[in-house]
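**Q** The primary structure of each chain is shown beneath.
There are 2 protein chains.
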Amino acid sequence: MNFVEYINSLVSLPENVADELLKKSRKQNLPKHYWLSEAGEICQKLYFVEKGLVRWFYYNADGKDITDSFGVENSFITAFDSFFQRKPSRYFIELLEDSTVYSMTYADLETLFENFPEVEHVSRLILIQILEQTLDKNAALQFQNAQQRYEFITKKHPDLLQRVSLGHIASYLGITQETLSRIRAKK
Amino acid sequence: MNFVEYINSLVSLPENVADELLKKSRKQNLPKHYWLSEAGEICQKLYFVEKGLVRWFYYNADGKDITDSFGVENSFITAFDSFFQRKPSRYFIELLEDSTVYSMTYADLETLFENFPEVEHVSRLILIQILEQTLDKNAALQFQNAQQRYEFITKKHPDLLQRVSLGHIASYLGITQETLSRIRAKK
DNA sequence: ATGTGTTTTTGATATTGGTCAAATAATATT
DNA sequence: AATATTATTTGACCAATATCAAAAACACAT
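One line per chain: the protein sequences are S and Y, in this order. Going by the working numbering, the first residue of the first sequence is number 1, and it counts up by one from there. Going by the working numbering, the first residue of the second sequence is number 188, and it counts up by one from there.
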């Protein structure tokens with residue numbers, strides 16, 4: 001599924017809008033470990049992952065690598081604290097697998113916003129989805145113990161357990177990898 | 188500042204759009220402890236707080252009251268997991284002070300979306316702000332100790348410390364009120 | 001196959017912050 | 001003002017999880 005097909009599954013797009021979206025975007029195959037964006041910089045592109053896996057992370061005050069989130073197939077990916085507001089990001093965005101992504105520049109997206117209300121509309125829908133996932137994660141961290149956090153990911157994102165290293169999963173859940181390893185060991 | 192003035196401070200609205208927004212909205216004074224929305228139900232309205240203070244909270248599996256977030260003057264308030272997607276919410280929304288709010292139904296907002304691209308546009312801007320605040324809070328909870336969490340709120344939302352009870356602040360930060368009380372005691 | 005680097009597991013110990021209970025302080029009600 | 005209610009503080013104790021260190025398992029390149 002390319003990203004226009006994905007959008008069409010959310011709202012049906014007039015053909016000319018679909019064409020414009022494809023025309024303004026660029027498809028690329030990029031290798032594992034490639035960085036789509038870096039902390040401290042303004043994220044220049046909005047990505048769509050057709051195949052592959054990404055990780056948002058940042059370094060905290062102690063220099064520790066903290067995984068904020070993961071993005072899988074059929075997700076729009078960007079530094080949400082940066083791209084739309086044109087200010088430096090907190091996050092790095094890293095490919096965890098060889099991936100196929102579409103990308104679009106901010107300027108091109110703005111042009112689409114101005115010319116096609118449908119694009120603005122679908123952006124709103126997607127932002128709401130992302131906001132909801134973020135709220136979910138907040139609730140999973142606040143006052144949940146390590147066991148409960150692990151259950152959150154096994155229920156909400158079981159696919160990630162197969163594809164992501166234990167260390168990244170633990171960090172995402174706000175626990176140490178030793179603790180996660182012990183949780184897995186029992187049961 | 189009423190909510191149309193607030194929106195105008197973000198993007199300049201054509202006069203007819205501003206008029207429509209005001210026409211579709213309702214201004215109310217509501218008392219402290221009033222619930223704008225309840226968990227388990229579809230949140231029916233989008234609110235704007237002109238004066239006052241609100242709290243999002245939910246009851247976790249143990250029946251514990253968990254504060255997710257606060258909303259102050261000049262904020263749009265709704266159950267973001269519910270209102271736009273028309274599904275039951277996790278959250279209660281409670282007034283913590285006597286407040287003046289504007290409200291608009293989903294149906295009326297949809298009509299505005301359909302007729303005025305500017306409304307869709309400004310919604311996107313507001314959603315991005317909210318998403319960013321939510322990401323900030325995520326980062327404040329993940330791998331930050333109690334002291335650091337308290338510093339987060341003193342820096343980012345110092346006003347809340349004056350207006351919200353210690354118990355609610357502690358819950359918001361994912362720590363017990365006893366721990367927060369002890370943090371305040373030293374220093 | 002062998003060696004090198006990375007990831008995961010296991011163990012021992014330390015620490016943070018939670019829990020429970022009671023005292024004090026602040027706020028609301030009669 | 002007196003009383004009841006609610007919020008905050010304090011103390012003693014304990015549990016969950018972090019930290020540090022080392023071993024084991026696994027992956028990858030030569």
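Hints should not be assumed to be uniformly reliable.
The following residues of chain Y were derived to be distant from chain S, with all beta-carbon distances above 10 Å [unchecked claim]:
no., residue
1, E192
2, N195
3, V204
4, Y245
5, K251
6, P275
7, D295
8, H308
9, S310
10, E319
Cβ-to-Cβ under 7 Å is the rule here; a few derived chain S residues that face chain Y [what the hints assert, rightly or not]:
no., residue
11, L112
12, E114
13, N145
Calculated pairs, SDA-like style, for lysine to any residue (alpha carbon to alpha carbon, straight line, at most 25 Å) [claimed, not checked]:
no., chain 1, residue 1, chain 2, residue 2
14, Y, K211, S, I66
15, S, K156, Y, K211
16, Y, K343, S, F57
17, Y, K274, S, Q133
18, Y, K343, S, N60
19, Y, K342, S, R90
20, S, K87, Y, N325
21, S, K87, Y, I253
22, Y, K342, S, F92
23, Y, K274, S, F92
24, Y, K342, S, H121
25, S, K64, Y, A326
26, Y, K343, S, K156
27, S, K156, Y, K342
28, Y, K211, Y, A294
29, S, K64, Y, A333
30, S, K64, Y, T287
31, S, K87, Y, K211
32, Y, K342, S, D62
33, S, K156, Y, T341
34, S, K155, Y, F244
35, S, K87, Y, I313
36, S, K64, Y, I313
If you're looking for bench data, these hints aren't it; they were derived computationally from the structure. Values in this document were obtained by computation on a predicted structure and should not be read as measured data. C-beta atoms are modelled at their ideal positions from N, C-alpha and C, and glycine is treated no differently.
**Q** It remains to establish, for every hint, whether it holds in the given structure.
**A** Taking the hints in turn, this is what the structure says about them:
no.: 1; hint: E192; result: holds, 22 Å
no.: 2; hint: N195; result: holds, 19 Å
no.: 3; hint: V204; result: holds, 13 Å
no.: 4; hint: Y245; result: violated, 7 Å
no.: 5; hint: K251; result: violated, 7 Å
no.: 6; hint: P275; result: holds, 13 Å
no.: 7; hint: D295; result: holds, 16 Å
no.: 8; hint: H308; result: violated, 6 Å
no.: 9; hint: S310; result: violated, 6 Å
no.: 10; hint: E319; result: violated, 5 Å
no.: 11; hint: L112; result: violated, 12 Å
no.: 12; hint: E114; result: violated, 9 Å
no.: 13; hint: N145; result: violated, 11 Å
no.: 14; hint: K211(Y) / I66(S); result: violated, 44 Å
no.: 15; hint: K156(S) / K211(Y); result: violated, 38 Å
no.: 16; hint: K343(Y) / F57(S); result: holds, 21 Å
no.: 17; hint: K274(Y) / Q133(S); result: holds, 15 Å
no.: 18; hint: K343(Y) / N60(S); result: holds, 17 Å
no.: 19; hint: K342(Y) / R90(S); result: holds, 17 Å
no.: 20; hint: K87(S) / N325(Y); result: holds, 19 Å
no.: 21; hint: K87(S) / I253(Y); result: violated, 32 Å
no.: 22; hint: K342(Y) / F92(S); result: holds, 24 Å
no.: 23; hint: K274(Y) / F92(S); result: violated, 33 Å
no.: 24; hint: K342(Y) / H121(S); result: violated, 35 Å
no.: 25; hint: K64(S) / A326(Y); result: holds, 13 Å
no.: 26; hint: K343(Y) / K156(S); result: violated, 30 Å
no.: 27; hint: K156(S) / K342(Y); result: violated, 33 Å
no.: 28; hint: K211(Y) / A294(Y); result: holds, 10 Å
no.: 29; hint: K64(S) / A333(Y); result: holds, 18 Å
no.: 30; hint: K64(S) / T287(Y); result: violated, 44 Å
no.: 31; hint: K87(S) / K211(Y); result: violated, 34 Å
no.: 32; hint: K342(Y) / D62(S); result: holds, 19 Å
no.: 33; hint: K156(S) / T341(Y); result: violated, 33 Å
no.: 34; hint: K155(S) / F244(Y); result: holds, 23 Å
no.: 35; hint: K87(S) / I313(Y); result: holds, 16 Å
no.: 36; hint: K64(S) / I313(Y); result: violated, 31 Å
The earlier numbered hints that this structure contradicts are 4, 5, 8, 9, 10, 11, 12, 13, 14, 15, 21, 23, 24, 26, 27, 30, 31, 33, 36.
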